[in-house]
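First to last, the protein sequences are chains A and H. Position 36 of the first sequence, counted from 1, bears residue number 35 in numbering that gives the first Met the number 0, the numbering being contiguous throughout. Position 40 of the second sequence, counted from 1, bears residue number 39 in numbering that gives the first Met the number 0, the numbering being contiguous throughout.
Everything labelled a hint here was simulated from the structure, so no lab data went into it. Errors might be hidden in some of the hints.
Have a look at the derived ranges for each label pair, beta carbon to beta carbon [unchecked claim]: (1) 12/A to 467/H: 38 to 48 Å; (2) 12/A to 72/H: 51 to 61 Å; (3) 94/A to 299/H: 46 to 56 Å; (4) 299/H to 63/A: 25 to 35 Å; (5) 21/H to 49/A: 30 to 40 Å; (6) 419/H to 6/A: 35 to 45 Å; (7) 94/A to 477/H: 50 to 60 Å.
A quick note: this is a predicted structure, and the numbers were derived from the prediction, not measured. Glycine is no exception: its CB is placed at the ideal position from the N, C-alpha and C atoms.
So the chains spell out like this:
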Amino acid sequence: MTRSVEEIISRFPPQQEQMLPLLHEMQSALRHIPSDAVPLIAAHFNLSRAEVHGVITYYHDFHQSPVRGRRIRVCMAEACQSVGARSLIKRLESILQCQTNGCSADGQYTVEPVYCLGLCACGPAMMVDGSLHARVSEDRLPGLLSAETSRD
Amino acid sequence: MINVYLPLDSAARACGAEAVAAGILSEAKRRGLNLHLRRNGSRGMVWCEPMLEVQTQQGRIAYGPVTPSKVGSLFDADFQNGGVHPLYLGPVDDLFFLKHQQRLTFARVGKTEALSFQDYCAHGGSSGLRRALTMAPEAIVQEVTDSGLRGRGGAAFPTGVKWNTARLAQSDQKYVVCNADEGDSGTFSDRMLMEGDPFCLIEGMVIAGLAVGANKGYIYLRSEYPNTVDVFTRALELAKNHGLWGRNVLGSEFKFELELRIGAGSYVCGEETALLESLEGKRGVVRAKPPLPAASGLFGQPTVINNVITLASVPIIFERGAAFYREFGLGRSRGTLPLQLSGNIRYGGLFETAFGLTLRTLIEDFGGGTRSGRPVKAVQVGGPLGAYLGVDELDTVLDYEALIRLGGTLGHGGVVVFDDTVDMAQQALYAMEFCALESCGKCTPCRVGAVRGKELIEELIEQGATVSRTDLLRDLCQVMASGSLCAMGSMTPAPVLSALDKFPQDFIHQS
């Protein structure tokens, strides 16, 4: 069952320093920060809605609409670029028929760039939800995707 | 009992360590062997990951890179006793890449079981803190000052000076903050340390707390490191149970609380004041300095904020003494630096050594050249804000001052290698794109300049690098460099201009 916005907010003390932990919890439970949660979060921390909106939109981890499907984050930083990240993400887009920051045609994956997973000596690297993959060649992509699809 | 070690490090796991671990356990069970699988940190020889080690009478023997399909044959080859196998690498202590390092901060990483407090203490862990607990705050700070330790996050500020400012600040509440927002591409030493020897970082933070009179610490760890979050969370709990932090640190009267906080994907939050804003629950926007965080930092209180490697280098300074640490290095760069060799490199990984190694030795002798086998064309040192160096600059000595003389930075010690297929105009463009994407927006030269810079380089690539266009780009870079509060805006020009100056042929319009 989906947890309610109110229930998530109530778990955090009303100090502003709890903002990121709260938003992380909500993002993970609801896959986004719903717009109707903004005034409730603002009231909880005694802040303006603008301040809360400002925080949500500042950080890449928080989304205003639900992330669809599995989240594939492909490292596009320099170390992975040097071993083919640019062509890797293009190949991924063509396999999944989607654009970066968009969802695949079958709704199963969202492709996003990420700037460094700390796997710089074994790139190209990517993360599918929480699982890490290193030395990802274009040839390995189809097998890797079908293995991820069959998980759960 | 067979003692086998397999890293729980992110890189090992991303290369399939969990499937290998499962294979080893089921194979041992099938053969009725009494095998204990211990999870260590990575030795830093990333091309060998997952690297398996077995304790034999001749010491630890390494095999790698192990795949699940090779596990059965390893048992067949009697790897438990160091048997011969195609994946045999040899005794760990004799491995070329490891033998030539000087490991101080990473002394335990890979050697000990990462989440065993007993193992930690058996290898010198907690003895630095035990000594610090007998010292006055002033003497603790003096020891750090004498060691010559400078901030390993990138700015290289003398740690002792920072600690002394916080120590002298008058306040009932002070904080220690660990900056684990390791966002620079090509760097992963914070991650490896936190996964491979997490108690060492905790010990360093507690010593910092003793030194400045703080009893609360925060670790701000980036969300892009989920495995690190997992490992370090477990380490914090174990450390508390063993009294490394908490109400009575190691049985003393000293109280020190710790909390782990997770970032949310902002690169600028690696800048110390933006990190503090983020910890306070705000947008990660850079603060103007002064006041320095040591005088007025988290929640307006005196705060020591240091990088993971800085804090993790503190325990050995107290275990072995400032003079011991100072003996390593040269000039004003004392001690050791864990270099991270990555990108298009054959033998990439972590190489800790005293300051003073040349880039050429690191890349050619230890790194074995490019992974593709093609010639090296460019090397970026110090992360996305570091300058690109050409092959004629490979004899540069790796210390803070030498890189600054070249218009670059040693930063957090990341070295990213590119072969001759790289298009440096694209790398210059990327530097501006990254700045546009990650700028916190506080300073106009950075916020607007990065967008203009991106447009300008695109135009330059498509329509040709005329003198008027390159002059305009240089002008823009100068404004960004001199008119931005933090390194994001002020140092983005370094990769851009170094690419333009050292690789002008890549900017010639191909029509």
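Verify the CB-CB distance for residue 21/H and residue 49/A against the hinted window 30 to 40 Å. Between residue 21/H and residue 49/A, where Cβ atoms are some 50 Å apart, the hint is violated.
Could you see if the CB distance from residue 419/H to residue 6/A stays within 35 to 45 Å? Once the Cβ atoms are compared, 57 Å apart, the range 35 to 45 Å for residue 6/A and residue 419/H is violated.
C-beta pair residue 94/A, residue 299/H: status relative to the range 46 to 56 Å that was hinted: Check passed, 51 Å falls within 46 to 56 Å.
Given the hint of 51 to 61 Å, check if residue 12/A and residue 72/H actually sit that far apart at their C-beta atoms. holds (55 Å)
50 to 60 Å as the expected CB spacing between residue 477/H and residue 94/A, which holds or is violated: violated (44 Å)
Could you say whether the range 25 to 35 Å given as a hint is met by the Cβ separation of residue 299/H and residue 63/A? For residue 63/A against residue 299/H, whose Cβ atoms are near 31 Å apart, the range 25 to 35 Å holds.
How does the Cβ-Cβ distance of residue 12/A and residue 467/H compare with 38 to 48 Å: does it lie in that range? violated (58 Å)
The earlier numbered hints that this structure contradicts are 1, 5, 6 and 7.
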